[in-house]
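Enquirer: Residues per chain are reported as follows:
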Amino acid sequence: DAKTTQPPSMDCAEGRAANLPCNHSTISGNEYVYWYRQIHSQGPQYIIHGLKNNETNEMASLIITEDRKSSTLILPHATLRDTAVYYCIVRVDNAGNMLTFGGGTRLMVKP
Amino acid sequence: GAVVSQHPSWVICKSGTSVKIECRSLDFQATTMFWYRQFPKQSLMLMATSNEGSKATYEQGVEKDKFLINHASLTLSTLTVTSAHPEDSSFYICSASVQGYGYTFGSGTRLTVV
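Line by line, the protein sequences are chains C and D. Its first residue numbered 2, the first sequence is counted upward by one per residue in this note's numbering. Its first residue numbered 1458, the second sequence is counted upward by one per residue in this note's numbering.
Hints in this document: simulated from the structure, not taken from any laboratory. Incorrect hints may have been included.
[Stated by the list, open to error] So the derived label-pair ranges between C-beta atoms look like this:
#1 Gly-16/C to Val-1460/D: 27 to 35 Å
#2 Thr-1537/D to Ser-29/C: 37 to 45 Å
#3 Ser-29/C to Pro-1543/D: 40 to 48 Å
#4 Leu-1525/D to Tyr-33/C: 31 to 39 Å
#5 Lys-1521/D to Ser-26/C: 18 to 26 Å
#6 Gly-16/C to Asp-1484/D: 30 to 38 Å
#7 Ser-29/C to Ser-1500/D: 18 to 26 Å
#8 Asn-20/C to Leu-1533/D: 35 to 43 Å
#9 Glu-1516/D to His-78/C: 21 to 29 Å
#10 Thr-1539/D to Asn-54/C: 47 to 55 Å
#11 Val-1460/D to Ala-18/C: 25 to 33 Å
#12 Thr-1569/D to His-78/C: 35 to 43 Å
[What the hints assert, rightly or not] No more than 35 Å apart at the CA atoms, straight line, and that leaves these computed lysine-lysine pairs for DSBU-like:
#13 Lys-53/C to Lys-70/C
#14 Lys-4/C to Lys-1523/D
#15 Lys-4/C to Lys-70/C
#16 Lys-53/C to Lys-4/C
#17 Lys-111/C to Lys-53/C
#18 Lys-1521/D to Lys-1477/D
#19 Lys-1477/D to Lys-1498/D
#20 Lys-1477/D to Lys-1523/D
#21 Lys-53/C to Lys-1512/D
#22 Lys-1477/D to Lys-1512/D
#23 Lys-4/C to Lys-1512/D
#24 Lys-4/C to Lys-1521/D
#25 Lys-111/C to Lys-1521/D
#26 Lys-1521/D to Lys-1471/D
#27 Lys-111/C to Lys-70/C
#28 Lys-1512/D to Lys-1471/D
#29 Lys-1471/D to Lys-1498/D
#30 Lys-1471/D to Lys-1523/D
#31 Lys-1521/D to Lys-1498/D
#32 Lys-4/C to Lys-1498/D
#33 Lys-1512/D to Lys-1523/D
#34 Lys-1477/D to Lys-4/C
#35 Lys-1512/D to Lys-70/C
Idealized CB from N, CA, C, for every residue including glycine.
Working from the sequences, and respecting the hints, build out all of it.
Expert: See the structure below:
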């Protein structure tokens, strides 16, 4: 799986958009970008994934650069409940071998 | 769909005793279950991979005789921390990979050894 780099922490004001970056400059052509988050003292939760097109679901949007070397997870209207550690993971598929978690970004949403 | 139920959510035990953590797949069959450990302010670290009906595969540095994993059925995997010590205090999380769905995680077990 390709290595990812994320800022260790970020703050966001409640109600504003939270933009979480992820660098994955060594990503291969068949690798997807997955985002998970972990709220304190809970198991990780799947958010979204994409290959090269931008994706949107009820939780977030994923913007992947044209060269696929970086991506941004966007929470359009962050709430206090979005405070969590967000993990960007690059891999070929979303099943099979174990997921490898990096350091992630600790997002603090403030009132 | 694809829910993993993990119990207990927290447990406190005395040093030297054993603790069992259960993970059940509620609406699918989990042929493989992954067990992670997470220390405060750190990321999840894979401990072992359990496969139904066979021996678990442990990551380097994880003592297989201390962390006993049993995956006797397609819906149940257990992790037993034997002769627990304070340094085993951690957050333990199980996960299953579901074809066509992705990864689903248990809610975690916070173990405190006193």
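Enquirer: Taking the hints in turn, state whether each one holds.
Expert: How the hints compare with the structure:
Checked against the hint of 27 to 35 Å, the pair Gly-16/C and Val-1460/D passes, with Cβ atoms roughly 31 Å apart. As the Cβ distance of Thr-1537/D to Ser-29/C is approximately 39 Å, the hint placing it in 37 to 45 Å holds. About 43 Å separates the C-beta atoms of Ser-29/C and Pro-1543/D, a value consistent with the hinted range of 40 to 48 Å. About 34 Å separates the C-beta atoms of Leu-1525/D and Tyr-33/C, a value consistent with the hinted range of 31 to 39 Å.
Separation of Lys-1521/D from Ser-26/C is about 37 Å and departs from the stated range, judged on CB atoms against 18 to 26 Å. Against the hinted window of 30 to 38 Å, the Cβ-Cβ separation of Gly-16/C and Asp-1484/D comes to about 36 Å, which satisfies the hint. Distance hint for Ser-29/C and Ser-1500/D: a CB-CB separation of about 23 Å, consistent with the stated range 18 to 26 Å. For Asn-20/C and Leu-1533/D, the Cβ-Cβ distance of about 41 Å falls inside the hinted range of 35 to 43 Å, so the restraint holds.
Separation of Glu-1516/D from His-78/C is about 39 Å and departs from the stated range, judged on CB atoms against 21 to 29 Å. Look at Thr-1539/D against Asn-54/C: about 49 Å separates their beta carbons, and that is inside 47 to 55 Å. A beta carbon spacing of about 30 Å between Val-1460/D and Ala-18/C agrees with the range 25 to 33 Å that was offered as a hint. Distance hint check for Thr-1569/D and His-78/C: the Cβ-Cβ separation is about 37 Å, which falls inside the suggested range of 35 to 43 Å.
Restraint check: the Cα-Cα separation between Lys-53/C and Lys-70/C comes to about 10 Å, which is no more than 35 Å; the hinted pair holds. The suggested pairing of Lys-4/C with Lys-1523/D holds, with an alpha-carbon distance near 31 Å, which does not exceed 35 Å. With a C-alpha separation of about 11 Å, the suggested pair Lys-4/C and Lys-70/C falls inside the 35 Å cut-off, and the hint holds. Restraint check for Lys-53/C and Lys-4/C: satisfied, since their Cα atoms lie roughly 17 Å apart, inside the 35 Å limit.
The hinted pair formed by Lys-111/C and Lys-53/C meets the criterion: a straight-line CA distance of about 32 Å does not exceed 35 Å. In summary, the hint linking Lys-1521/D to Lys-1477/D is supported, as the alpha carbons are separated by about 14 Å, within the 35 Å threshold. With a C-alpha separation of about 24 Å, the suggested pair Lys-1477/D and Lys-1498/D falls inside the 35 Å cut-off, and the hint holds. Proximity of Lys-1477/D to Lys-1523/D is assessed by CA-CA distance (about 12 Å); at most 35 Å being required, the pair is judged to hold.
Of the supplied pair hints, the one linking Lys-53/C and Lys-1512/D is violated, its CA atoms being roughly 39 Å apart against a limit of 35 Å. Pair hint Lys-1477/D plus Lys-1512/D holds up; C-alpha atoms about 17 Å apart against a cutoff of 35 Å. With a C-alpha separation of about 30 Å, the suggested pair Lys-4/C and Lys-1512/D falls inside the 35 Å cut-off, and the hint holds. A hinted pair counts as satisfied when its Cα atoms are at most 35 Å apart, and Lys-4/C with Lys-1521/D qualifies at roughly 28 Å.
For the proposed pair Lys-111/C and Lys-1521/D, the alpha carbon gap of about 43 Å is over 35 Å, so the pair is violated. A threshold of 35 Å between alpha carbons decides the hint, and for Lys-1521/D with Lys-1471/D the separation of about 21 Å falls inside it, so the pair holds. Restraint check for Lys-111/C and Lys-70/C: satisfied, since their Cα atoms lie roughly 30 Å apart, inside the 35 Å limit. Restraint check for Lys-1512/D and Lys-1471/D: satisfied, since their Cα atoms lie roughly 28 Å apart, inside the 35 Å limit.
Between Lys-1471/D and Lys-1498/D the alpha-carbon distance is near 24 Å, which keeps this suggested pair within the 35 Å criterion. Annotation: proposed proximity of Lys-1471/D to Lys-1523/D holds, straight-line Cα distance about 15 Å (limit 35 Å). Proposed proximity of Lys-1521/D and Lys-1498/D is supported: the alpha carbons are some 25 Å apart, at most 35 Å. Of the supplied pair hints, the one linking Lys-4/C and Lys-1498/D holds, its CA atoms being roughly 20 Å apart against a limit of 35 Å.
Pair hint Lys-1512/D plus Lys-1523/D holds up; C-alpha atoms about 14 Å apart against a cutoff of 35 Å. Restraint check for Lys-1477/D and Lys-4/C: the C-alpha separation of about 34 Å stays at or below 35 Å, so the hint holds. Only pairs whose Cα atoms come within 35 Å are accepted, and Lys-1512/D paired with Lys-70/C is rejected, the gap being roughly 39 Å.
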